[in-house]
Structures are given as structure tokens and as C-alpha cells.
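If you read the protein sequences in the order shown, they are chains D and E. Residues in the first sequence are numbered consecutively from 1, following the UniProt record's numbering. Residues in the second sequence are numbered consecutively from 1, following the UniProt record's numbering.
In case anyone wonders, no lab produced these hints; they're calculated from the structure. Among the hints, erroneous ones may be present.
Stated by the list, open to error - On the chain D side, residues computed to face chain E include the following (Cβ under 7 Å):
1) Asp141
2) Ile175
3) Ser184
4) Gln188
5) Pro245
6) Leu246
None of these values were measured; they are calculated from a predicted model. For each residue, glycine too, the CB sits at the ideal point set by N, CA and C.
Protein chains: 2
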Amino acid sequence: MTASGDRLAGATHGSGTDLSRCSLNTATVKHATLAQAVDAAATAGLGAVGLWRHQVQEHGAQKAARIVSDAGLRVSSLCRGGFLTAHDEAGVAAALDDNRRAIEEAAGVGTRELVFVVGGLPAMSEPGRGPRPDAGPGDRDLVAARARVADRIGDLAPFAAEHGVRIVLEALHPIFAADRAVISTLGQALDLAAPFDAGVVGVVVDTYHVWWDPALEASIARAGREGRLAGYQVCDWILPLAAEPLNSRGHVGDGYIDFPTVSRWVAEAGYDGDVETEIFHEEVWATDPRDTARTVGERYARHVLPHL
Amino acid sequence: MTASGDRLAGATHGSGTDLSRCSLNTATVKHATLAQAVDAAATAGLGAVGLWRHQVQEHGAQKAARIVSDAGLRVSSLCRGGFLTAHDEAGVAAALDDNRRAIEEAAGVGTRELVFVVGGLPAMSEPGRGPRPDAGPGDRDLVAARARVADRIGDLAPFAAEHGVRIVLEALHPIFAADRAVISTLGQALDLAAPFDAGVVGVVVDTYHVWWDPALEASIARAGREGRLAGYQVCDWILPLAAEPLNSRGHVGDGYIDFPTVSRWVAEAGYDGDVETEIFHEEVWATDPRDTARTVGERYARHVLPHL
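Could you put the whole structure together from the sequences, leaning on the hints where they help?
Pasting the structure below:
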């Protein structure tokens, strides 16, 4: 219910700042249980949490939804479907099966926003590692891999529509184009979404992944105009990169991203949904979840909220 | 003379494969002297070398040019001008001064292609490191930094034209947008070049930096149509990234990039200039320069030449 759900009145922290649109993606407190993550978000005065599928699978969708709602929070999104680039018949069938389950889990846990990370090249051995020794030229064919993503979205869209779930395409930073996601820009995500109803295939703006894009302002405006802006995720681009670049994200304000400008573009595009903070970083993960959630609220209040 | 220079007849290696368009960028053999790098390229049967300014400064332009021509090679390009994003008066003046010297050096050493890496955000402390502690929101303003790059190109273009040198804009991978280059796509480089004569401001396609771009085919075709395709540099995207991501490039064929497809796009755009291999990697730098140059030629012959 990111873009259209009810707002919790009075979800404010001590200073009276309205944190009702501030959501804690539970990956930011990776080592917390669902109950601990929800407690941390509620204690910090946040309005929502973003969940991951393993939490829904662990508790069952109904119980996971109740853990969240009992704390007075909403589910802003579910991460994640995707991994659609296989070019063999068994791989395609497995991807479709898994994504149908993800769609059911999103519906069951009470969010209509299911974030998709679409997967890397078939040449990949495993994420973050080099190509398979037997990878041929076709396994490096990025154009073909992107075309298969389009085909798989077409396969899944009717099932998502039936379940009231939106496939939310996430562009990942080009650093991950080989091994995690062949969608590399917001504009490309919008092109892939274009053939489908805006209520069935949307896009998410994640600052970490798209902040550098010369076309970002135009693509955010287009996403708003087309009714596809299904989420806004924030975290910062910090340097030096961590040894595992996937886990190299910083709290909002600690890095290079111009949050006032990007947040203004998102607001001007008409987005009135939740703002999820999603940070992958070992030091953040080693911090007490309540401290992390409080920092998330403070940074949102300082760098994002005034520009929404 | 990348795009228009004479071809050396008979620059072939033992097997008869024509390596006359294969150029060794001397950064690939970082620890070699200019004489050693030239010897390695000539011994491997390559047709050209790409130079760096420190080599020209060390020997003087005339002597550096003679070291190259005495070995029967051409200079395919000079790296590099740029670093144009300063927003203080002294920083702007220093950048203009330095780039005028670079333009003179390019003319002196006999290439008209001067590669520009345009610099990162003013918030940067030093490349690869976090923002300055005193960096304010304006120092993270990417839109403004890009506008300053456009202004500085305008300042330098007449001087380049007078010297018969082309400012060759290089889009760097978005991993470097914060700290090294706010030009992140080939399309953006072409937009920045658009106000100027194609003989004065051009672009280079470096596979490492642009391979992931969904608009790559269209942007390469546009560069050809506009007469701005001033260079083609190749090296591979390998994983895992090195601790210093700048030095994380692989020999052609060792990573994820689809060289047949990108090389075909470059050829179809009408490019008939040199193909520089430019690799920053500690292991490559630790290899004997003659071995590295031979590998460069072999990989070019296998993965690039058949598609040109």
C-alpha cells in the first residue's frame, strides 16, 4: 500500500517531526528477527517496515502481517522477486514458479508493492564472482538477457494483476549489471514497464542505484506522469567501497548523494508513499536495531522530509 | 591521428593477423619506461601506443614523439586532460591552465585526440575516499557540477581548435561519478559535445565504462553519425572488484563484456581508428611488458578484430 495506503495519524517521534512516511527496510537490521525489527521501527516512531520474503516464509504471511500491524506499522513493500534472465527451459520454469510464490506472499502480507531485482548475465558463476569457465559469447549477450526479462514480465503480469500485486522493477547500479540486475537505469525500467498497466508493473527509485544518472530528473518525472512510481528507497553512496560492494551503502547524509534534489524530484513527480531506508553494510548490521532505526528517522527528518 | 592517420602497412605479427589498429595504452604497462612500452608494442606487432602526459613531460613532446615513430608506431591518443568541476575561482583558473598545457602537449607529440576525464564532485576529499567533512549540500550538486563541465569545455574549445587538438570526452563508469568523472554515459558526453564542432570535441567509447548502458548501441550510432567517435578503448569488466575499483580491469575476454557486439556497433558507426587496450590492474602491471603486449594483441585478434 505504498502509494495509496492510509497514513497512520500521529506517527511522530519525540520532537514532533512526522515520521509516518519513513519506513525501515528490514535488510538494514539484517540480524534482527522480524519482531525486533518491528519493535525498533515502532520505537523510533517510524510509520512502516519493508519486508523480505524469508520473513514471510518463516512466520507465514498472516502472522507476519499481524506482527507488523500489532505494532501500529504498515508494510511498505516486499523484497524481492526477479532473477528472470535464465535462458534454459528449466531455469525459466523455476523463475516463474518462484515469482508466482513471491506474488502470493506479497498479497498475503498486505502490500501491493513487490520489488523485482531481475538478475544478471547467464555468464555469471555466482553474484560477485567471475564468469563461468564454460561461458560462451551468448552468455554475455546483455541485449538478449534484457529481452528475456521483458518476456518474463509478460509471463508474470497477469498473475500479479489477479493478486492485486504490482511488479516493481528496480534498476540496480551498473556496478551490478553483470551479476545481479541487467536493468541499469530508471528509464530502462520504465521502458520495460511500458507495455503493462501502471497498476501491474511499476518502478522504484533507489538513490544508491540511480543517483548518478544524467537522465534521473526526467525519468522520475516520467515515472510520476505514467503512474508507475511505486517506491522511494534511500541510502548513501559512500567511499571507499567495501570489499563486497553490495554491502557498501551508508546512512543518508554520510556520502555523496544530493538527497534534497532527488527528494524534490520525487515529490514533484507526485509521489506520496513511504520512503524506505535500505542499507547493506556490516557496521550498520552490527549496530543495535533500535539505534539504527533512530538514526534512520533522524537522517530522514534532516535530509529527506523537508524536500518532500 | 586516431581517426584519420595513415595506417602502417605490414604491421602484423607472426601469424599474419593485422594488428595495425591495435594500440597499447601505456597505462597497461604502468611500470615500463616509454622506451620499454614502445618496444613491447612494436615487438608484439601492434600499430600504435596511447601515451600519458607524464611521459611527454619527462622527455619533451618532440623526443617522446621520436621514440614512438622510430619504432614504427603511431600515437593513438594522449591521456589526459579534464578535472573541470571546481567551483572556486582559483580552481577554475588552475584547471584551464593545466588543460591548455595538455592541449599543447597533444599537438607536440603528434596526436589530435586528447582524452578528458572531467572530474568528480567538489564534495570529494580525494579520489576513492569519502566526502570532505566540511562538504555542504552544494558540493554534492551533481547537476551544477555537470553544468560547470559544459562551461569549461566552452572555455577550452577555441584553444584546442587553434592547436588542431580534439577534446575527447570520456564517460566513466557510474562507480566513479562521485570522485572521478561526472560524465557517466556516452549519451551525456555527446550532449556536452553537441554545441561544438565535431573536429574540436569528440567522444571515446571505453568498454569498461559503458558496456552496461541500455542506450549504448544508439549512442555509438549517434557518435558515428555526428562524426565524434574519436577512440575505442577496450578492457574487460571482471569480478570480484579489486580493493581499489579503479584498478579492477581485465584483459579482453576474461570478464563479462560482449566484445563482438560492442565492436560491431563501433564498426557500423564508421569507426576506422585505433583500438586501444587500457588496463589498470596490479597483476597486469606486475607482468613483463612484452608478455602483456603480446596478450593484448592476441585478445584483440580473437575478440575484437573479427567484428570490426
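Hint by hint, here is what the structure shows:
For Asp141/D, the shortest C-beta to C-beta distance to chain E is roughly 6 Å, which falls under 7 Å, so the interface hint holds. Annotation: interface hint on Ile175/D holds; nearest CB of chain E at approximately 5 Å, less than 7 Å. Because the beta carbon of Ser184/D sits about 5 Å from the nearest beta carbon in chain E, less than 7 Å, this interface hint is met. Checking Gln188/D against chain E by beta carbon gives a least distance of about 4 Å; that is within 7 Å, so the hint holds.
With 7 Å as the threshold, the beta carbon of Pro245/D comes within range of chain E, its nearest partner Cβ sitting at about 6 Å, so the hint holds. Contact between Leu246/D and chain E, as hinted, is not supported at the beta carbon level, the nearest pair being about 10 Å apart and thus beyond 7 Å.
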